[in-house]
Amino acid sequence: GENVEQHPSTLSVQEGDSAVIKCTYSDSASNYFPWYKQELGKRPQLIIDIRSNVGEKKDQRIAVTLNKTAKHFSLHITETQPEDSAVYFCAATMNTGFQKLVFGTGTRLLVSP
Amino acid sequence: GAVVSQHPSRVICKSGTSVKIECRSLDFQATTMFWYRQFPKQSLMLMATSNEGSKATYEQGVEKDKFLINHASLTLSTLTVTSAHPEDSSFYICSASWAPGDTQYFGPGTRLTVL
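Taken in sequence, the protein lines are chains Z and S. Each number in the working numbering comes from the position in the first sequence (counting from 1) with 148 added on. Each number in the working numbering comes from the position in the second sequence (counting from 1) with 5 added on.
Chain Z on its own, in the form it takes in the complex:
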């Protein structure tokens, strides 16, 4: 089955710096890779996603890159702000008819003012 590894587990940056979170996946048939942001006690919220036919996608300060050959994808946040502080999860689809998601272990991002 699919296995998703995520690094780092914690990341501390100064406001205005960039943050990069990396994930690797094992199933070469995975074709959808969303990123979710979860604040303490809240629901995961989709912040960006990418499909396997695209190498990069950007939405304002957030970007995701995908390297299908190496089976890894990354989240890039530029000009970080304190409100970006949260836990970020990457995910990849399992090769099943229901397109189940397998989540990474999460990265706790702390942005200091």
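These are calculated hints, taken from the structure and not from any lab test. Any given hint could be a false lead.
Claimed, not checked - Lysine-lysine pairs mimicking DSBU-like chemistry, simulated, CA-CA at most 35 Å apart: (1) K25/S <-> K69/S; (2) K60/S <-> K219/Z; (3) K19/S <-> K219/Z; (4) K71/S <-> K190/Z; (5) K25/S <-> K216/Z; (6) K216/Z <-> K71/S; (7) K46/S <-> K219/Z; (8) K190/Z <-> K60/S; (9) K170/Z <-> K46/S; (10) K206/Z <-> K69/S; (11) K205/Z <-> K46/S; (12) K25/S <-> K219/Z; (13) K190/Z <-> K69/S.
Note that the structure is a prediction, hence the values are computed from the model and not measured.
Given chain Z, work out where chain S should sit, using these hints.
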């Protein structure tokens, strides 16, 4: 759009009782709903996949007789934790998508505490 609600948000129950959690897609029809469990400071673990009008598909290690899932309509799925025990205490979150392969939108979660 793509709003998913969950009820209740918090529940405390005694050991041995059953608890029902509802997941609703408010502004779209969800052919597929997923149920996850999340322990403190851990990731989301998929428990089961629920399709409208058919039996749920459970992940390995999840007891289907303990975690009863019903997806009676395109906007409602329920998870019933039967004979709850303290080790079942967790954050239960559902998600919904229009169709397999589409984006999953998450409900706000239900924090279950079993005494």
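Okay, the hints, checked on the actual structure:
no.: 1; hint: K25/S <-> K69/S; result: holds, 14 Å
no.: 2; hint: K60/S <-> K219/Z; result: holds, 33 Å
no.: 3; hint: K19/S <-> K219/Z; result: violated, 46 Å
no.: 4; hint: K71/S <-> K190/Z; result: holds, 25 Å
no.: 5; hint: K25/S <-> K216/Z; result: violated, 41 Å
no.: 6; hint: K216/Z <-> K71/S; result: violated, 39 Å
no.: 7; hint: K46/S <-> K219/Z; result: holds, 26 Å
no.: 8; hint: K190/Z <-> K60/S; result: holds, 29 Å
no.: 9; hint: K170/Z <-> K46/S; result: holds, 19 Å
no.: 10; hint: K206/Z <-> K69/S; result: violated, 41 Å
no.: 11; hint: K205/Z <-> K46/S; result: holds, 29 Å
no.: 12; hint: K25/S <-> K219/Z; result: violated, 39 Å
no.: 13; hint: K190/Z <-> K69/S; result: holds, 26 Å
The structure fails hints 3, 5, 6, 10, 12 (numbered hints given earlier, in ascending order).
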